[in-house]
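Engineer: Make a model of the complete structure from these sequences and hints.
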Amino acid sequence: MERRTLPGRLTWQLGEVVTTQPETARTKSITLIVPNWMGHQAGQHVDVRLTAADGYQAERSYSIASPPEEAPRVTLTVERLDDGEVSPYLTEELRVGDKLELRGPIGGYFVWEAQMGGPLLLVAGGSGIVPLIAMLRHRAAAGGSVATRLLDSSRSYADIIYRDELDRLVKNTTMLEVVHTLTRAQPPGWTGYHRRIDPEMLREVAWSSDQRPLTFICGPTPFVETAAASLVTLGHDPARIKTERFGPTGEA
Amino acid sequence: MENKLDGNAAAGTLQEIFPFEMTLAQVTCTGCGTTNVIGATAAYMHGMGTIVRCPVCDIPCSSAWCMPGDATGWICGACVSSRSAWRPRLSSWFLCLVVKSAKVGSYTLSVRQEPLKEGG
Numbered sequence: 001m002e003r004r005t006l007p008g009r010l011t012w013q014l015g016e017v018v019t020t021q022p023e024t025a026r027t028k029s030i031t032l033i034v035p036n037w038m039g040h041q042a043g044q045h046v047d048v049r050l051t052a053a054d055g056y057q058a059e060r061s062y063s064i065a066s067p068p069e070e071a072p073r074v075t076l077t078v079e080r081l082d083d084g085e086v087s088p089y090l091t092e093e094l095r096v097g098d099k100l101e102l103r104g105p106i107g108g109y110f111v112w113e114a115q116m117g118g119p120l121l122l123v124a125g126g127s128g129i130v131p132l133i134a135m136l137r138h139r140a141a142a143g144g145s146v147a148t149r150l151l152d153s154s155r156s157y158a159d160i161i162y163r164d165e166l167d168r169l170v171k172n173t174t175m176l177e178v179v180h181t182l183t184r185a186q187p188p189g190w191t192g193y194h195r196r197i198d199p200e201m202l203r204e205v206a207w208s209s210d211q212r213p214l215t216f217i218c219g220p221t222p223f224v225e226t227a228a229a230s231l232v233t234l235g236h237d238p239a240r241i242k243t244e245r246f247g248p249t250g251e252a
Numbered sequence: 001m002e003n004k005l006d007g008n009a010a011a012g013t014l015q016e017i018f019p020f021e022m023t024l025a026q027v028t029c030t031g032c033g034t035t036n037v038i039g040a041t042a043a044y045m046h047g048m049g050t051i052v053r054c055p056v057c058d059i060p061c062s063s064a065w066c067m068p069g070d071a072t073g074w075i076c077g078a079c080v081s082s083r084s085a086w087r088p089r090l091s092s093w094f095l096c097l098v099v100k101s102a103k104v105g106s107y108t109l110s111v112r113q114e115p116l117k118e119g120g
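Chains as they are written, first to last, in the numbering used here: chain B, 1 to 252; chain Z, 1 to 120.
There may be inaccurate statements among the hints.
[What the hints assert, rightly or not] Calculated cross-link-like contacts (lysine to any residue; reagent style SDA-like; alpha-carbon spacing at most 20 Å):
id	chain 1	residue 1	chain 2	residue 2
1	B	LYS171	B	ALA141
2	Z	LYS4	B	PRO222
3	Z	LYS4	B	THR226
4	Z	LYS4	B	GLU225
5	Z	LYS4	B	LYS171
6	B	LYS28	B	PRO119
7	Z	LYS4	B	LEU81
8	Z	LYS4	B	ASP47
9	Z	LYS4	B	GLY247
10	Z	LYS4	B	GLY84
11	Z	LYS4	B	PRO238
12	Z	LYS4	B	ALA228
13	Z	LYS4	B	LYS28
14	B	LYS28	B	GLU101
15	Z	LYS4	B	SER230
16	Z	LYS4	B	ALA229
17	Z	LYS4	B	PRO220
18	Z	LYS4	B	SER156
Keep in mind that the hints were calculated from the coordinates and are not lab data.
Keep in mind it's a predicted model, so treat the numbers as computed, not measured.
Structural biologist: In structure tokens form, the structure reads like this:
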């Protein structure tokens with residue numbers, strides 16, 4: 001490729017894996033050092049490219065889980081999809097010391113910075129928590145106290161990504177509330193929500209519409225559409241609701 | 001299978017072509033007049049490429065698939081005009097992206113880029 005490189009245009013670069021950390025049975029965090037990392041905002045993603053011995057390439061997008069404050073370390077949390085081309089490699093084959101080709105940071109729409117204020121409403125479905133934990137980590141690192149609520153939907157208790165860290169963040173920072181719903185299985189004695197998100201749940205958990213929260217919703221497409229439509233029904237301003245859907249194309 | 005995502009999902013592909021972050025670029029639908037930033041539109045990811053459609057009227061734009069030869073790049077009824085002779089007939093505002101070619105230089109960009117940082 002002899003294409004001219006323009007400043008600002010994305011280019012591929014190599015990051016080196018420095019740590020890997022299982023988060024749940026299906027998800028793993030991979031921390032890379034990216035020498036020429038230009039910094040990022042919480043909520044942005046990267047594209048990862050794998051090249052096979054025969055030259056075949058597969059490219060996927062992954063949200064950045066780490067806050068800007070940790071650059072040039074960049075952490076991705078990847079959910080393994082059994083029929084995926086890329087995620088099984090990232091979650092099972094990739095080792096510390098390996099190089100990974102990536103480009104980014106990408107996207108300026110689904111981002112939150114502490115000075116954007118709040119109140120902040122974060123709604124996560126499954127691994128949709130990843131860009132939102134970057135926002136919470138950034139919020140904590142910036143010492144901010146923007147009033148924040150997270151509604152986090154997971155299949156089961158064991159499937160809650162960053163569960164311990166969320167507990168710690170609630171204890172150690174102010175003005176943060178985390179509400180879980182477990183849609184498929186609940187541990188004995190679970191008193192929290194145990195159904196998929198719906199307008200009733202959002203009415204109970206979300207800020208009221210007259211508080212004009214800034215809302216970020218990330219999850220599978222049907223989850224995001226239910227959450228966004230529910231909030232609009234509840235009177236929230238669509239212009240303050242930002243969504244990031246993910247779906248099978250990322251891994252089909 | 002067609003998979004509906006947000007315009008944000010096309011950000012990497014767009015920034016491969018345009019030398020700046022595109023998801024905050026503002027576009028107006030020629031169909032219904034809705035104005036949005038690209039990040040707030042609907043993106044449909046296919047093996048062939050990515051289509052970004054107006055999230056309000058969402059009119060299918062199958063004519064966009066008739067790309068001649070390997071002429072690839074970015075075509076948009078609203079905000080990008082191509083200097084090439086071939087143009088699809090556009091029934092609505094959409095952005096169609098069939099990725100990766102050096103022909104990118106033959107397209108003219110006329111979108112307005114919004115400031116990267118938004119007020120709260």
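Engineer: Of the numbered hints stated previously, which ones are contradicted by the structure, given in increasing order?
Structural biologist: Hints 5, 6, 13 and 18 not satisfied by this model.
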